[in-house]
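Trainee: Listed here are the chains, written in short residue letters.
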Amino acid sequence: MKLEETLRVLYDAGVEFVLIGGAAMGLQGSAHLTKDMDFCYERSRPNLERLANALEPHHPALRGAPAGLPFHFDAETISRGLNFALSTDLGDIDFLGEVTGLGAFASVRAASNMMSVSGIEVRVLSLAGLIKSKSAAGRPRDLYVLPELKALEELKKKTHSE
Amino acid sequence: MTQEQEKLALDLINNPPPGSELAKAKEFGVDLTLFISTLRRTPTERARVLSQGASIFQLAAQNAPAEK
Chain A
0 MKLEETLRVL YDAGVEFVLI GGAAMGLQGS AHLTKDMDFC YERSRPNLER
50 LANALEPHHP ALRGAPAGLP FHFDAETISR GLNFALSTDL GDIDFLGEVT
100 GLGAFASVRA ASNMMSVSGI EVRVLSLAGL IKSKSAAGRP RDLYVLPELK
150 ALEELKKKTH SE
Chain B
0 MTQEQEKLAL DLINNPPPGS ELAKAKEFGV DLTLFISTLR RTPTERARVL
50 SQGASIFQLA AQNAPAEK
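Listed in order, the protein sequences are those of chains A and B. If you use numbering that gives the first Met the number 0, the first sequence corresponds to residues 0 to 161, in order. If you use numbering that gives the first Met the number 0, the second sequence corresponds to residues 0 to 67, in order.
Quick caveat, the hints were computed from the structure, so don't treat them as lab data. Treat the hints with care, as some may be off.
Some chain B residues judged to face chain A by a derived CB distance under 10 Å, without partners named [unchecked claim]:
id: 1; residue: M0
id: 2; residue: A8
id: 3; residue: N14
id: 4; residue: P17
id: 5; residue: E20
id: 6; residue: G28
id: 7; residue: F34
Keep in mind the model is a prediction, meaning the values are calculated, not measured. Yeah, the Cβ is synthetic: ideal placement off N, Cα and C, and Gly gets one too.
One chain only, chain B, in its complex shape (with noise of 0.2 Å):
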């Protein structure tokens, strides 16, 4: 993302015009500052954040007591 693109997204992501998705969002509850984050990486950047965020499962998986 250029610097003009992240300010447009900036406005848009605080100031989201009525009845627009952006809004909905907002409103069902979604971050949407997080799309300034995941935008400004390149696919490559955001296939590496992928890969790291799945080992959290692989943990989770590790560390879920034993069923019974």
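In isolation and in its complexed conformation, chain A is listed as follows (with noise of 0.2 Å):
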């Protein structure tokens, strides 16, 4: 996957974003590797469109989806979705309109912070968050990760580290 690139063409084209799961906990601190990105989105009809606008280039298509299924990332799919499992030439890429636990968009924002990424200034669900969604989640993989996250949460508040 290709974090970096990603984070660029979504803010180039003015997405607005948070970066959750893996990737997010790995920005976070968190040791743990991922395979993926996922993303939560405002959906709002003019994010929708800049959304699809900064994805045509890096061909979406659904994930395991059988080859030749008709699939258009286009501002008319995603809003009558709301959850996409994608594969991109920047790497598998899941887009989810609400997350489990916090709720939509705005929630996600909220329990979101700043973390500059290659001189740009990028959302990522914070600690606090992302054990939230986690334990909501409930998942044995989720619930798995929540040890080293409530300990790496409270070694940065004890620190004041980023």
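Quick one: dock chain against chain with the hints and give me the complex.
Mentor: Right under this line is the structure:
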């Protein structure tokens, strides 16, 4: 996956997004690796258009769908769905309209903090937000990372680290 | 992380206060010493490590035996 490039593509297009999931964990200081990128996106029509335009040059396709299945990741398609698991030239990307335990974009945004990555300011879900969403999701793979996330949150608070 | 922050972090990692989240994570099996290297990195460096790390999954998928 090309995390820096993906962040740059979305940022340059003016897309309203928050980085969530494993990549957010990594940017917050977790040692876990991840194979894809997850974003929560804002669902106003202009933002859907910005998102679709930003992704178009990177050939978004539904991940795991049969070859040849008609799919066009445009604003209309996005407006009719909520969550999209895509394969793109930038890597596998999931776009979620809502996050379990947090809700829609406004709540996810409120649970994020700004981080400077490769010279651009991006919103990344905070450790508190990650802990809340993973606790609510409750799948074994979510619960497995909770001890690390809670310890990391405690360590960063006590040492005032970023 | 400054040297002072790193020293404090090392103290907490080596001797997590009883009942703390650090102690619980250590008991769970988390290698707390990895936090030192991750927190030393800037967010940009962390993003690069994540992208490089993701290639491991790609290699594993490429080398997986074909399903019969």
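Trainee: Evaluate each hint against the coordinates.
Mentor: So, going through the hints one by one against the coordinates:
no.	hint	in the structure
1	M0	holds (5 Å)
2	A8	holds (5 Å)
3	N14	violated (13 Å)
4	P17	violated (13 Å)
5	E20	holds (4 Å)
6	G28	holds (8 Å)
7	F34	holds (6 Å)
In terms of the numbered hints stated before, the structure departs from hints 3 and 4, listed from lowest to highest.
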